[in-house]
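A.B. asks: Construct the complete structure from the given sequences, taking the supplied hints into account.
As given, the protein sequences belong to chains A and B, one line each in that order. Heads up: the first sequence begins at 1 in our numbering, then just goes up one per residue. Heads up: the second sequence begins at 1 in our numbering, then just goes up one per residue.
In short, the hints are calculated from the structure, not lab data. Just to be clear, a hint being listed does not mean it is correct.
Said to hold, decoys possible - For each label pair, taking beta carbons as the anchor points, the in silico distance ranges come out as:
1. B:ASP78 <-> A:LYS176: 52 to 62 Å
2. A:SER53 <-> B:ILE143: 51 to 61 Å
3. B:LYS174 <-> A:ASN68: 54 to 64 Å
4. A:PHE201 <-> B:ASN83: 42 to 52 Å
5. A:PHE201 <-> B:GLY372: 20 to 30 Å
Glycine is no exception: its CB is placed at the ideal position from the N, C-alpha and C atoms.
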Amino acid sequence: MKTCNNCNINIDTPSVKCPICGSILVGKDKDTTYPRVKKKYTTFNRILMFILSVIMIINVYLDLQLTNHITWSKYVVFGCAVFYIIVRSIIRSHRNPMSLLTGYAFLLVVLLLIFFWLTKFYVITNFIIPILCLTELIISVFYALVVKNKYIKKYLSVIVTNMLVSFIPFGLMIFKLTTFNVLVNISYVLSIISFVGLIIFDYDDLKDELSKIFNY
Amino acid sequence: MKNTEWYKLDNMGVYYASTKDRKNPTVFRFTATMKDDVDVVNLRVALEDTMEVYPNFNVTLKKGLFWYYLEEEHHLPDIKEENKAVCARVYKSEYDILYRVSYYKKRINFEVSHIVSDGRGTIEVFKTLIANYVKYQYKVKNIKLSNSTIEEHSEDSFDKYYEKYKKDRSKEGKIFRLKNKLLPFEDAKFIELHLNCKKVLDKAHEYNSTITAYLGAVLIQSILKEMKQLDKGKYIRVDLPVDLRSYFRSESSRNFFGLTYLSYKFNGEVDDIDKIIKVVNDEMTEKIKKENISKRVNKMVSFQKNFAVRAIPIFIKDMFLNTITEFVDNGTTSLSNVGKISFSKEVDEYVETVAAMISPEKNFKITICTYGNDLVICISDKFRRNNIVKNYVRSLIELDKDAFIISNGV
Ligand SMILES: [Zn+2]
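C.D. replies: Right, here's the structure in full:
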C-alpha cells in the first residue's frame, strides 16, 4: 500500500495521487485491488459528425461563393443527414435485422414520396413503391416464419409493419396518386393474406407477445 | 418458439427504466475479496447455479406500449476480467442482461442495474453467488443457502403492501445543492474507507446514537464546514433509502425500498457534532416510524396505480418521468446503509472483505456496509475536488488509526 502523508492514511490505488486530497502518495505497491481501466472514448460518432459537418460547411460555402445562392448544396446537406441517420441506425440495431429492415423500408418510402411530390413521376407510385413494399413484406414474413432468429421475438412488429406496408400503396390508390393499379393491388392483398396467415399459424406467440406489449 | 417468463416492473423500476438513457444510470456493485485469485471457470458455474434460483435477475428490459417489462433470458452474460469503470452502465440495448459479473485478481464484482433490484435485494443474490463459488472453488459441501422460493423473491412487494393513497406533503425550505466541476462521464471516483466497526459503534453509542445516525451527523458536519455564508439559510438534506423488507414481511429480491431523509439547517451558532447528532437522532426516530414510511411507499405506488397514468403510452411517461425527477428528486447527497453482510461459517473462511457501492449520479453518494468487524464506507464521487469528502474521511480516520482506503484511482 501507498501512504498519504497529508491525510495520514494507507491507500491502495492504481493512481499516484491521494483520492482525498490530491497530494502525491509515497511508497509503492505492485498489487492494487482495482485495475487501471483504460478510457474508451465514443470517438467514432464524433469523428463521423465532424467529417459530415466539414463536408456540409465547405459545400454551403462554395455554393454561396460560386452562385450567390443556396442551390445544389442543400441536396448535399440532406444527403449527409440521411447518411448519418443510416450509419447510426446500423450501429444501434445491428442485432435486430428486422427492425433495421423495417426502418429502411420506411425511410426509402418517405424519400420516394418526397421525390414523387417534387417530380410527379408516376413510375414511383405505380411500380417502385409497390415493389419495395412487396419485397419488404416477403422478407419479413420469411424471417418471422422460417428463420426465427432469436432476436426476432417481436412478431407484432412484423405484423404491424405488414399492415402499414399494405396501406401505403392502398393509400396512394385512394388519393388517386397512381395510374396503374395491378402491383398496388397485389401488394395490399398479399399483406392482408400474410397478416391472416401469421395470426392463424402463430396465434400463441402472438397472444403472448400482445400480453407483454399491452401489459397495463 | 419457447415462451419466456416476463415480469412487470415494480414502481421504482418504472422510474429507473424511464431514466435509463441518462448519462448516469443508477448501478450498484457488491464486491467480495476472496482468499485467492478468482477462478473464472468456477465463477461461471457458480453464476449458473445462482441464476437457477434467481431467474428474475437474468432479465432484459423490453418496451411495451404502456409500460416497460422485464423478460427472462435463457443465456447468461459473459464473465470478464474487470475492464470497465466501476458501476458502468449495464443497460445499453434491449438485449443486455441487467447485471454484470466481473473479476480482478482476488475480487468478484457483481453489478446490478437499479431497474431490477435495490441494494438489499441484491445482497441475497450476491451472497448466493459467493457461496456457490466457494462451493465449487474450495470443494466445500453443505453450505446453507437462502430458502425463499422463486415466487417469494420475484414478488412485487410494493404491490402487495399498497394501501389506500394517503397524501404526504412534507414542506421544506430551499435545499442546499453542491455545485462543482464534474469529472467526465463514467469517471467517478470510488473511495472505500475501511474502519474498525467496533470503534465506530462505540463512538455512536457515546452519543446514544446508531451507526447510520452518527455517520449521517458527521456527514452533515462536513457539509456545514463547506457551506458559504450565503447558503447558510438553506437546508442540508441527506437522502436516506430505507429497506422496506424490515417493515413489511418480504423476501423479494426486486426493488423494495423507500426514501426518507435527514434535514438540517444551520442556526447561527457554532454547530458542533453533539448538537447535530441530537437533531439527527430525533429526526431518525420520527421518520423511520412505520406509518411515516408507508406514507412514502403509497406516494410512489399511486403513480403506477393511477388509472389515467396507466393508459398513457410509454414514451410520454418517459418524457414526464425524465423531466419531473430532474427537479424533485435529489437532496444534497445520499447515505445508504445496507447493513451487515454475513455468510455462513463455511463461506466466511474464504472471504476477506466485502464492499457495496452505488454510482454517484450527479454529485456524491455514500454506501455503508459491514462485514465482520470491517465497516466499509464507500464514497462514489463525481467531483474533481470535494472538500466535503475530505472533511468526512478525515474526521472518520480520527476514530481508527488503522483505517485504510482502497480506491479505483480516478
Ligand atoms: Zn491525502
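A.B. asks: Please check whether PHE201 of chain A and ASN83 of chain B have a Cβ separation lying inside 42 to 52 Å.
C.D. replies: holds (45 Å)
A.B. asks: Determine whether the Cβ-Cβ distance between LYS174 of chain B and ASN68 of chain A falls within the hinted range of 54 to 64 Å.
C.D. replies: holds (56 Å)
A.B. asks: Can you let me know if the beta-carbon spacing of SER53 of chain A and ILE143 of chain B is within 51 to 61 Å?
C.D. replies: Given about 59 Å between the Cβ atoms, the range holds.
A.B. asks: Is the gap between the beta carbons of ASP78 of chain B and LYS176 of chain A within 52 to 62 Å?
C.D. replies: holds (57 Å)
A.B. asks: Between the beta carbons of PHE201 of chain A and GLY372 of chain B, is the distance compatible with 20 to 30 Å?
C.D. replies: At 60 Å between Cβs, range violated.
Violated hints amount to a single one, hint 5; each of the other numbered hints is respected by the structure.
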